[in-house]
Structure formats: C-alpha cells, structure tokens
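Protein chains: 2
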Amino acid sequence: MTAERPKVVIVGAGFGGLTAVQSLARVPVDVTIIDRHNYHYFQPLLYQVATAALSPADIAWPIRGILRRQKNTAVLLADVTGIDADARMVHAGSVTIPYDYLVLATGATHSYFGHPEWASVAPGLKQIEDATSIRRKVLLAFEHAELTEDHDEQRRLLTFVVVGGGPTGVEMAGAIAEVAHHALPSEFRRIDPHAARVILIEAGPRLLPAFPEDLSAYARQALERMGVEVRTLARVTSCDETGVDLEETRIDAGTIIWAAGVVASPAAEWLGAERDRAGRVMVGPDLKVPGRPEIFVIGDTAAAADATGKPVPGIAPAAKQMGRYVAEVIASKVEDKTPPGPFRYRHQGDLATIGRKAAVVKLKSIHLTGFIGWLFWGFAHVYFLIGLRNRAVVAFSWLWNYLTYQRGARLIVDSPAAQTMARNEKIRPLPGSVEASHGPGRDQARSDRADWR
Amino acid sequence: MTAERPKVVIVGAGFGGLTAVQSLARVPVDVTIIDRHNYHYFQPLLYQVATAALSPADIAWPIRGILRRQKNTAVLLADVTGIDADARMVHAGSVTIPYDYLVLATGATHSYFGHPEWASVAPGLKQIEDATSIRRKVLLAFEHAELTEDHDEQRRLLTFVVVGGGPTGVEMAGAIAEVAHHALPSEFRRIDPHAARVILIEAGPRLLPAFPEDLSAYARQALERMGVEVRTLARVTSCDETGVDLEETRIDAGTIIWAAGVVASPAAEWLGAERDRAGRVMVGPDLKVPGRPEIFVIGDTAAAADATGKPVPGIAPAAKQMGRYVAEVIASKVEDKTPPGPFRYRHQGDLATIGRKAAVVKLKSIHLTGFIGWLFWGFAHVYFLIGLRNRAVVAFSWLWNYLTYQRGARLIVDSPAAQTMARNEKIRPLPGSVEASHGPGRDQARSDRADWR
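Heads up: the protein sequence lines correspond to chains E and V, in order. The numbering of the first sequence is our numbering, which starts it at 132 and goes up by one. The numbering of the second sequence is our numbering, which starts it at 132 and goes up by one.
Chain E with its partners taken away, still in its complex shape:
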C-alpha cells in the first residue's frame, strides 16, 4: 500500500457494501469500509432471532474478522454524518475520510407512511437490536398475560398483530404462531398459549405480492393451517400501545410488528441528489450518481433500473450483484481497462418460509411448496451464511428446533422486564386489592383467598 493508490470509501457493510469490498481485494486501491456496527449480519434470518430460534451471533460476523486477510482494506466503526462531494470527503462526526471513489450502501429502514409516532409501538425488523427487542416484547407478552387476572387484558396481551404481508411479515407471523402453539404451551400454568391469536394484515389483495399467485395462495393456506388469521385488503389507520385500528374495525393487541414499508437511508440527503418516493437515490445505468462519476449508490439505497429498464428489487442478491458491478467499474478505471456495460440484474428466484415444513420457492418456472420448498429454503440459507462455524451452528439449531419444537434463544435480556411487571407500569391495574390480586390457574379450583396460587 502506498499513499498514491486511489482511495475507495464504502459506507455500509451490508450485502452490497461487503460484496463491493471483497470484489476489490485484488485491485490496487486502498479501501476503507465504514459501518455503524462492528458486524455484518444476515438480514433474511433476522426474524429467527426475533422469534428466539437463533442467537444474534449465529447470523452476524465481525466485519474485521471477515476482512482480516484483505490487506488493502481498513475497517472503521463510525456513524457517517455527511458527505462533502466537492471536497470528496466523508464526515463521521469529528473524523473525516477522503475518497477518490465513494460507494454508498447504507440500506433502508422502516417506513411508517408519515406516522413516525407508530415506531415506538410497532417496531420493525431491520437491525439486530430490533430483533432482540421484538423477542423481548413477544416473550414478555406471555409473561404479563400469565401474571394478570383480567381476562380482557390477557386476551389483548396474547394477540399479536403483524402488519405487512411480504416475506418478513409472513415469516414473522408463522414463527410467532409456532412459538405460541408449539414451543410454549407446556410451560405456563395459568394461561394457555394455544389461545394466542396471530393476525397478519396486508393492504393489498394477497400475501407475497412479488410471488406468483399460486404461491401466494399456498402461503395463505399454510399460515391459516398454523392458526394465523390472514386479513388482506386491510389497511392500518392507526397504531397505539393497546392495539391497531383498521378502516372498519379495531384489534386490541399487546404486540404489533411492522413489516409494511421501507424508506432508504439518508444518502440522498447527504448528496443533495434526486430521490424517488422511497427516498432512494436515482442512479444511472452504471449505478453512478448523475454529475458525480466517482460516487456510486447500491443496494436498497439506490433506485436503479436494469439494462432492460426494469427496476432492480430491494433484495440481497440484487445488492450483491450491484456491489460486484461497482467494484468492476472502479477496477476498470484504476487499471485503465474498458469499463463494463450498464448494470444487468439477474433475478435468481424468490424464497420465503412460512413455518415448519412450509415454504414457497420460485426459481424461473419452478414453483416449490411444502416440505420440499422448506428444505430448499433451509439449505439455500445455510449455504449463503458466511463461514463454516455459523453454518454448522445454524444447521444444528434448526435440526434441534425441528426435532424438539424447542427454541434455544429464548432470553429476555437488557430489559427492565421484571421491574416493570412488578411495579405494574405496563400491565393495567389489576382488579381487587393489592394483596388479593391473583386468581387460580386454568387447572386449579378457585380458592377462597384470591392469591398467586
């Protein structure tokens, strides 16, 4: 490495950014990758962390570890605060990083369609922290329900609403139903987790709109067989701490999970660049920002069109292909070779899992469902994990869950859980006196004195 080599700065170590970095391994440039986290994570399995099947470390890898042998690359844990495109500088608080080429791969976050106040009551699932906080919320709902004697409140706590019928919503709804109906029933004495309701709300006419209709129909059937209530053509008009309002009805719920919309990270704002309605930067056919030939935007942050004119979808394989492509463009510049033609997206297929022995897979003209689809989904996901260790641990955890119905990662951590419960801040006031506040369990006769048992 000499000071003369071009500096490539990549912001974001998701699928797009990390692939770009790795594709530059043998190019004579100095790469700096900046991320807010010290890890890259496998977002397609985040819902399994949220539903206690996997631990965060099973689906995440330290970025430094992944890149430790890539000598032309430095990793920087920092939060980018702005870009000075004229001076070619990335600002991360008091730290400034100069670049010759800049790749923005900062991803997307939840969109609440103009209602940011819903975020606190209806968390989305984009980050590891989102997953552990949803896990905490779901598990605490059962704990709170076990503790309260108010039957309406119990019913509310055991109602889980998932908003959004895309792959994340379908996977979350299926996984919560499995937790409630298979993993937990033998563990509670006063409530029956079987009675938990899981409601999946989709504004459009069918689940998984990106999939063919037969697979959408299968997904709905499979979810309903698992006890999930599916409501299509249903629009959420408001969310609060005790439930959601649809256009014509209200659902009292203890847990609301938001899987409905995404909005791009503020890369367009940093650049003052043109953006689409979802906040994504409008990029040219070579993924460059118009007027800034040294700045690329890839992944969920980019509004890109394929060479054929079709919009590139916001999924992991697309982000990876874009990362590989911009590395090629940069390499061709640096090594003074012919640049590649415009970006071409190759769609490999669509996968979504529903639950135990149920998934939908579309590969070109092949449609798979049921056990075969589920096996395909499982092998594909294990294959795309990074490193032998996590593949082994995830495969083992899945086999274990499959055989035992148990979930290994059911911890409520970093939570003021118990305190909150004991001090009764989150559960509604219990009827009756302070002392005599607890009724008998469902398999116990009511004794004279109403106490804990």
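It should be emphasised that the hints constitute simulated quantities derived from the structure, not laboratory data. All figures in this text were calculated on a predicted structure; none of them were measured in a lab. Any given hint could be a false lead.
If several chains are the same, the list does not tell them apart, and a pair holds so long as it fits within one copy or across any two.
Computed cross-link-like contacts, DSBU-like style, restricted to lysine-lysine with a CA-CA straight-line distance of at most 35 Å [as the list claims (entries may be wrong)]:
1. K257 / K268
2. K488 / K268
3. K202 / K268
4. K257 / K468
5. K268 / K138
6. K202 / K488
7. K495 / K138
Place chain V on chain E using the hints.
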C-alpha cells in the same frame, strides 16, 4: 394440585434455587419459583460471554423450559421487593405471594468495599447483562484505539486492568490476553493488539487463594507466559474513567473489570435477620433463619457453617447441595418423616481455567495443571450444562475457538458505540484540525495530508 397443599415459594433461580425446586418435583407441595430473569444461567462460564467466546443463549436456559414437565411448579417473572415474615407473604411490587415454606436463594452481587461510585467505571461480572456490557467495553477499546491518533490515549485504551485474583479474575485476565494476542492482531491496520497490556491486581500475596500454593504458582506462571502482568499485594485505592490508583502507583487504563468482592443480596434486610460482614443471613445448622423455622436461606445469600463447623464456600456445588438439603427438610415436614440431620457440605474440588491448554484442578489430593487440567475443566463444565443442545453448542464453539483462534460472538450490540465514537464523547479530543485528524497506520508512510489513510 389442590388448594390444601403446602405452598413453597423459592426466590432466585440460580444453582441453589433451581436445585431446590427440582428436588421438590415429587413432593406433594405447590411450588412457585420467582426470579427477576426468565432464564437460569451458568455463571462459571459468564466470563466466556464477556470475552466473546460464547453467546448468552449458550449458557442460559428459560426457567419455564427447564421446569415445563414439573407440574407442581409455577414460574413467576418478578422482582421481589420485600417479605412480610409474620403474614408469610412475599411482595413483588403489587403482587403478593403467600407461602408456607420460603427458600431465599437470591445470590450475591459485586462489592466495591464502600465505593459504590466505582461500579460505573469498573463493572463486575455477575449477570448476563454484565457480560455483554464488558464484551462491548473490551471490543470498543480496540475500536477506539484504532481511531485515535494520540499515542498516549492509544496506550491507555489498550490497557486492561482486572481487579481480583480469584477464579473470575484469573479467567478474565487470561481470556482478554487471548483475545488481544491471538484473535485480533490480524484485524486491525493502525494498532497492534499484541501491544495490549492486561494487568491482574490481587490484594493478597498470591492468586487463587482458595487453591493450594503450587496451583497458585502455576496459574501465575501460565498467565505471565500469556503476557498478563500479575501484581500481588497490590491494593486499589481508587478507580475512575481513565484508570486505577494503587497505593504507590497509577495505571492509566481504558477498561477496568471488578472481580474483587461480593456482597449478598438484600435478603437479610427483607427479613430483618442477623447478617455477617458480607451481608449474608446467619443461618442455623439446618439452613433455617433463627426464629423462623419456615424460612431457609441458601447459596451465596447464606452464611452457613457445615456440620463440622467450617464455613460453606460461595460456589455452585455448595449452593446445589444446600438446595437439595432444604428440599429434603421440607419434604420430611410435609410427609411427616424424620428430618435429615444438620447440613453437611461435601467439597468436590476446585477448578479454574487460565487460557488455552492451561487450567488448575484440585480434587482431594490430585492436582492437575496444563493441558490435562484444561481438558478436565472443559469436560466438567460441559457436563454440568443443562440439556444436550447447549452442551453440543458449547463443545463445538470451544473446539472451533481452539482450532481457529477465532471467537464467534464478537458483536457490539445495544450500544451507542458508533455514535459515541463519531461524536467523540468518550475518546479524548484529537489533536489537529477537524479535517486533518488521522495519521497513517503503523505500516504506512506518513503522507503529506494527515487523514484517515
């Protein structure tokens, strides 16, 4: 279960409490176990979570899961706030739980010898949250050091002080040295993790005072071979955010870990009972609180003497034996049988690990060290884990760490890490202008412009 059966309430699901519950499985009583967490965890391996070798879920199990087949038992997630011994009631906020027999197994926490203000700068290692927060602190020290250009600050950030030379202190010091000297060196570009200093401070004349002298001496040698600086007969007189003061010297350090003292949980206060200097409840030979034949105190919360008059040590096997014993006493009362004699503690041995291929084991007259000791330690700990799943995952993770020197759980989560770094709140102000704040790495020539690379 009928309302007539005696009610046993057990507070705390650590080794003592959980063993007591399990030993009551076939006794005709109704058991309620209350814990602040929804999980039981294996405290002897907490330091491995703190040093990124294992994930929290590898050493923790949902209490409900462990007890799901034990039909006479209910689990309550709540924080006990007091006990009304005359009315035989446990208070947990607004919830009140009546008992006929009460077992207090609430454990211990760190003691800062009258300096509670040290807690914020020198975290101890008792809870899962402590372990993830120490992990975050240790990993961020390396990240901050990579980012700063101030060489004194870098040296300070790469200095780790562990206070207390008992098993936890020895294990933490060894594990941090392994992280710094084996797992991380290839991953940083500007700092050399090899240069990290790990300093273990012990007030007494030797490490592991509970072990025979030859094993203490071996532990010291093994740590020193791993690059740990051991300072015995050294007393900490103050701790602050930038380091520790000993009687005659000051050590600037970025991370201080407290493994020096413990104090019992407030069970004695709840009872208004006589306590010893460490806050433990003085119990009789049958582990009962004097004057309260229906209240037992066990584990680290109890100051108990063996039938032979020797104090019972605050270790897991002792807590388990006490748990089993009180279950026997309660069963004898309930079933109207002869009660067992006074509690007899059987000491099975002492184990502590130091690092890769180094541990000390004392079993009666057998002393093991080195690779053999390490293997014995590993097998013993895997054996004592609960459930096949966690045994398999822990054994696999250890094998993996052993073969690759990599640590699988190196995530910095739930942290304002990046923000803190970028906003420069925790690292000292960098010299030079805002823009030109970063010097070249250790293997790079200094360029004209002082920037990130």
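Results of checking the hints against the structure:
Both within a single protomer and between protomers do K257 and K268 lie at most 35 Å apart by alpha-carbon distance, with minima of 16 Å and 24 Å respectively. Within a single copy, K488 and K268 get their C-alpha atoms as close as 26 Å, which meets the 35 Å cut-off; across copies the closest is 41 Å, which misses it. For a Cα distance limit of 35 Å, the shortest separation of K202 from K268 across copies, 26 Å, qualifies, whereas the shortest one inside one copy, 42 Å, does not. In the homo-oligomer, the alpha carbons of K257 and K468 never lie at most 35 Å apart, since the shortest distance is 38 Å inside one protomer and 59 Å across protomers.
Only between protomers do K268 and K138 lie at most 35 Å apart by alpha-carbon distance; the minimum there is 31 Å, versus 44 Å within a single protomer. With identical chains, the CA atoms of K202 and K488 are at most 35 Å apart between copies only, with a shortest distance of 31 Å across copies and 43 Å within one. Taking the shortest Cα distances, K495 and K138 never come within 35 Å of each other, neither inside one copy (40 Å) nor across copies (63 Å).
Hints 4, 7 from the earlier list are contradicted by this structure; the remaining hints agree with it.
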